[in-house]
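As given, the protein sequences belong to chains A and B, one line each in that order.
The first sequence stops at residue 250 when you use the numbering used here, and every number in between is there.
The second sequence stops at residue 286 when you use the numbering used here, and every number in between is there.
A few chain B residues facing chain A, derived, Cβ under 10 Å: (1) PHE36; (2) PHE153; (3) LEU155; (4) ARG157; (5) ALA160; (6) ALA163; (7) PHE164; (8) ASP165; (9) ALA167; (10) GLY170; (11) LEU172; (12) VAL174; (13) ARG215; (14) GLY223.
It should be emphasised that the hints constitute simulated quantities derived from the structure, not laboratory data.
For every residue, glycine included, the Cβ atom is placed at its ideal position computed from N, Cα and C.
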Amino acid sequence: MNALVECSGLAAGYGGAPVIHDVSFAAGAGETVVVLGPNGGGKTTLFRALLGEIEPMAGRAQLRDRTAYVAQADRTSLDFPVSALDVALMGALAHGRWWLPPSRADRRSAAAALERVGLAAEAATRFGELSGGQRQRVLIARALVQDARILLLDEPLAGVDPASAEGIAALFGELSGDGRTLLVSSHDIESARRYERVLCMNRRQVAYGPPAETLTRAVLEQTYGSEIVVIDGSGDRVRALAVQHHDHEH
Amino acid sequence: MELVGSFLLDPLQSSIGRHALIEVTLLGALSGALGFWVVSYGLSYGAESLAHGLLPGLVGAALLGAPLIAGAFAGIVATAVLIALAARDRRVGPETATAVAVTGMLGLGVLMALAPATPQRLAELLFGNPLAVSGGDLAAAAALTLLGGAALFALQRPLAALAFDAAAAGSLGVRTGAVRVGLAVLLAVAVCVAVQGLGNLLALAALIAPPLAVRRHANSVGGAMTGGAAVGAVSGIAGIYVSYGLNVAAGAAVALALCAAAAIGALAPARARARATRLRPAPSPR
Chain A
1 MNALVECSGL AAGYGGAPVI HDVSFAAGAG ETVVVLGPNG GGKTTLFRAL
51 LGEIEPMAGR AQLRDRTAYV AQADRTSLDF PVSALDVALM GALAHGRWWL
101 PPSRADRRSA AAALERVGLA AEAATRFGEL SGGQRQRVLI ARALVQDARI
151 LLLDEPLAGV DPASAEGIAA LFGELSGDGR TLLVSSHDIE SARRYERVLC
201 MNRRQVAYGP PAETLTRAVL EQTYGSEIVV IDGSGDRVRA LAVQHHDHEH
Chain B
1 MELVGSFLLD PLQSSIGRHA LIEVTLLGAL SGALGFWVVS YGLSYGAESL
51 AHGLLPGLVG AALLGAPLIA GAFAGIVATA VLIALAARDR RVGPETATAV
101 AVTGMLGLGV LMALAPATPQ RLAELLFGNP LAVSGGDLAA AAALTLLGGA
151 ALFALQRPLA ALAFDAAAAG SLGVRTGAVR VGLAVLLAVA VCVAVQGLGN
201 LLALAALIAP PLAVRRHANS VGGAMTGGAA VGAVSGIAGI YVSYGLNVAA
251 GAAVALALCA AAAIGALAPA RARARATRLR PAPSPR
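Please model the complete structure; the sequences and the hints are all you need to start from.
Structural data, given as structure tokens:
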């Protein structure tokens, strides 16, 4: 497998002690990876190290193709005067010529991306007036215009209603089918079973592998500690919930 | 009718009035367009600090007989360097460093302005006088406005991407540091142009009032910038007419006209934001 995303012995932080350490995993083209961990467990730090925003303190973090970062939609400036189409067009900045207005080809590409995420009719709607799920789709459309082969999605389903979350999860499947690699950080242990790989982190890598091997009671307890609530621990399949504390995220 | 005609033609009949009208149009248009970004990036305090801190540069230019715009630029550079030096001390912090540096520069400027050798009155430097703008000042303002406008046009897309989603801007290919530096340089240019007509205390009105007037009503970044430019220019012209009509200080009249526009824009009900879509409608699951 030619890995598009690879970490090897990665330690990273913001000066002082590393926030994450001993992270080693690889993901190939078309693979979907969910990154599970408590708040402060280092999911965002991992993404920042992969994006090159912070230098590794040890080891390495590599992205080997065009990459898009999709932050939580509510962390964008919701009162900024941009439409869904304007936001999708921001993806064209990655192609250069940033000093010129978007070309017709850029506009066609943005329109096609919005259509792909099911929002062609909302193209002219102001971004801040869309629902949470629709905003997340627009940001994914922006990544499509960017023609990103790797997508890092930071808790894309947080605050999204279940029906929208279902639609976005289906979209992830389509993007993976295109050969795009997806790294998705999440708190939702149950929906983690949809992904091909699960990376469990709590300031260090606890486990990495298929859901059947990683979503075990022992791994989840190591990952979440007291934040885990096991609903059904009998049999092979553990059902559990992570209790979210909204403190500072790393 | 004759009275109205006389009122409208009065400022146009002398070069002083014509220069003033061109000056406030230039400073209103550039500051109005840039103001959208100043507010979007939360730089209002920084803009105020730069405008206040440059006073020694203005007084120095008056002492030397140099163009005020050159003095303003020197004052901004000195203020920026002082702030950067003071902010290096982590115990002080950037906000305190800015406050101390700006207050110090303002005090120095007042001392220099009150010196017997200084030819220009302190009030004109603090509150501006568009009616005192020379042809050379106007040419410099026009050149800076053209350059600033072109730079704003070129930077519009990266500025929007960074203002909208700072976390993702880097992965979109935006050089975030360079864009922020570019915006700071544009801010310095706009302040240089604005202080020439409005002085160092009132220049901020040209940067902050237009975006406040249009932000709730703009549907797009381009609309917010052009709307801000139009509000800035029209308010400036209205201020000059008020100054002529009521025989009051021109700089203050322009600043008040800008603030009146901001109040009207902020209080006026926002119009419907629906824009005609150019795309084929399709069902959109939420």
